[in-house]
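So the sequence lines, in the order shown, correspond to chains S and X. Numbering follows the numbering used here, in which position 53 of the first sequence is assigned residue number 53; successive positions increment by one, without gaps. Numbering follows the numbering used here, in which position 119 of the second sequence is assigned residue number 456; successive positions increment by one, without gaps.
Hints may contain errors.
[Unchecked claim] Calculated pairs, DSSO-like style, for lysine-lysine (alpha carbon to alpha carbon, straight line, at most 27 Å):
(1) S/LYS91 / X/LYS448
(2) S/LYS132 / S/LYS168
(3) S/LYS88 / S/LYS105
(4) S/LYS132 / S/LYS88
(5) S/LYS73 / S/LYS11
(6) S/LYS88 / X/LYS448
No wet-lab data here; the hints were simulated from the structure.
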Amino acid sequence: MTASHREPSIKRGVSLYSFQEEFFLRRMTLEDCVAACADMGAYGIETLAEQMMPGFPHLSDAFYEDWHALMAKYGTVSVCHDMFLDTKRFKGRAMTDDEQVESVKRDLTHARRLGCSVMRVLMFVRPEVLVKALPYAEECGVKMGVEIHAPLHLSHPWILRYSEVMDKEASPYLGYVLDMGIFTDHYPPVMLERFRRQGATPAIIDHVRAEYDRRTLSEYVINDVREMGGTPLDIAMAEVTRHNLWSDPRHLIEQLPRIVHVHGKFYEMDEQDRETSLGYEQVIPVLREHGYDGYICSEYEGNRHIQDAFEVGSVEQVRRHQRMLARLIGEPEVAHV
Amino acid sequence: MFDRYIVVEDTLKDVPQGTQVGVRLPYYRGLGLSMVEAVDVTVDGVSADPAAVSVTLGDHTYPLSTMDEEYDAVWNFGEIGTVTVAGLHLAPGPHDVRVRLQLRVSYLPMKLVGQDSKTLELAAG
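Take the sequences, apply the hints, and build the full model.
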């Protein structure tokens with residue numbers, strides 16, 4: 001039996017981060033965001049407490065009761081809480097390790113109360129801090145997933161430090177959250193078009209786009225742009241290539257047992273439900289064939305690249321992304337998305 | 338990332354203590370006030386004295402001069418704070434309002450700076 005004949009094991013969800021434009025402008029409430037997800041058959045909900053749950057970390061019992069009532073109303077489940085760690089909260093000194101561990105525990109408690117099985121950990125949180133918080137994560141039943149986010153990748157030296165610790169700890173409660181941004185196949189057109197509106201030089205736009213597709217080293221592209229007489233804006237456009245990269249999806253196979261969650265980062269879905277820059281078509285088959293059975297949560301990040309010129313329509317963008325995910329995951333019927 | 342929404346339309350007001358304008362943080366999450374390092378306000382090309390600037394969130398007003406010690410107050414995501422420049426009184430009509438915010442975001446090595454300027458109309462009293 002081939003993978004395509006099995007029931008899909010990958011589950012679809014949405015990070016409410018996707019609706020940040022509408023929430024910021026008070027055009028959607030938290031409930032509106034959840035309702036939009038359920039309407040697309042995306043029943044896994046990922047949240048950023050510090051974005052849409054004002055009052056965090058001092059949320060009342062009533063807040064959590066309301067949250068669970070909201071999940072029940074729409075048939076959704078909490079899957080992931082995205083934590084932050086304000087190590088620079090105090091002017092003039094960094095948080096001590098003990099303070100950092102307490103902050104991580106605070107977030108684990110919140111994740112548990114929401115009903116999440118995963119907590120996204122920013123990749124600047126030091127492995128030693130996570131090891132100290134690990135017994136509490138195990139007690140909470142919440143997996144801590146360090147986010148592998150571009151320009152880092154699965155075998156970047158910074159990430160290898162975590163892998164070494166994970167080998168040593170051998171706990172299912174410490175792993176990775178994979179961000180799809182590490183599979184940037186083409187320079188995102190929404191970013192290039194924004195640079196064009198700001199006045200970037202057309203010939204240089206074409207050059208940077210072509211060199212990204214050739215996988216040319218960023219430093220060389222930036223140097224080319226300088227030699228072409230690029231303006232500071234042209235150079236800034238070339239510097240974006242430092243923060244994006246294409247990784248080999250096959251490198252996922254080795255790390256797959258450690259991947260507890262996937263951020264379906266995306267910048268732009270076209271009218272054919274295809275992402276215009278990221279390698280979903282190449283990556284999802286690898287996740288399927290090798291048995292990834294967690295969530296992929298849509299994480300729309302295109303708003304910031306178009307809001308200067310266009311009305312942002314996050315719900316429609318996420319809907320297209322969900323249709324693409326349903327197709328690539330192999331859901332038998334995608335018409336409901 | 339939300340720079341264009343920092344200065345809020347239709348919020349310029351003259352009040353007994355000075356001039357007020359609605360301001361939002363440009364960041365994608367709420368941030369503790371101790372990490373808001375600067376709220377630079379310039380009206381018609383004249384920079385306000387930081388000692389005269391305060392931010393009101395909900396029922397609380399925080400002078401800029403002591404904001405770096407506000408460890409519990411949070412400027413929520415998308416929340417419109419009221420920035421007051423004490424002692425500044427403007428004539429009715431259009432005014433160029435410029436706000437620059439500097440945020441200390443823990444996972445970034447550099448400061449996060451956002452700025453916006455808009456022409457706001459001050460209604461005749």
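Discussion item. Run the distance test for S/LYS88 versus X/LYS448: straight-line Cα separation, threshold 27 Å.
Written reply: 11 Å, holds
Worksheet entry | Restraint status (C-alpha distance of S/LYS132 to S/LYS88 at most 27 Å) | 20 Å, holds
Worksheet item: Is S/LYS88 within 27 Å of S/LYS105, Cα to Cα?
Response: 18 Å, holds
Worksheet item: Do the alpha carbons of S/LYS73 and S/LYS11 lie within 27 Å of each other, as the hint requires?
Response: 20 Å, holds
Worksheet item: Straight-line Cα separation of S/LYS91 and X/LYS448 no greater than 27 Å?
Response: Within the cut-off at roughly 13 Å; holds.
Worksheet item: If you draw a straight line from the CA of S/LYS132 to the CA of S/LYS168, is it 27 Å or shorter?
Response: 13 Å, holds
Hint check: no violations occur; every hint is consistent with the structure.
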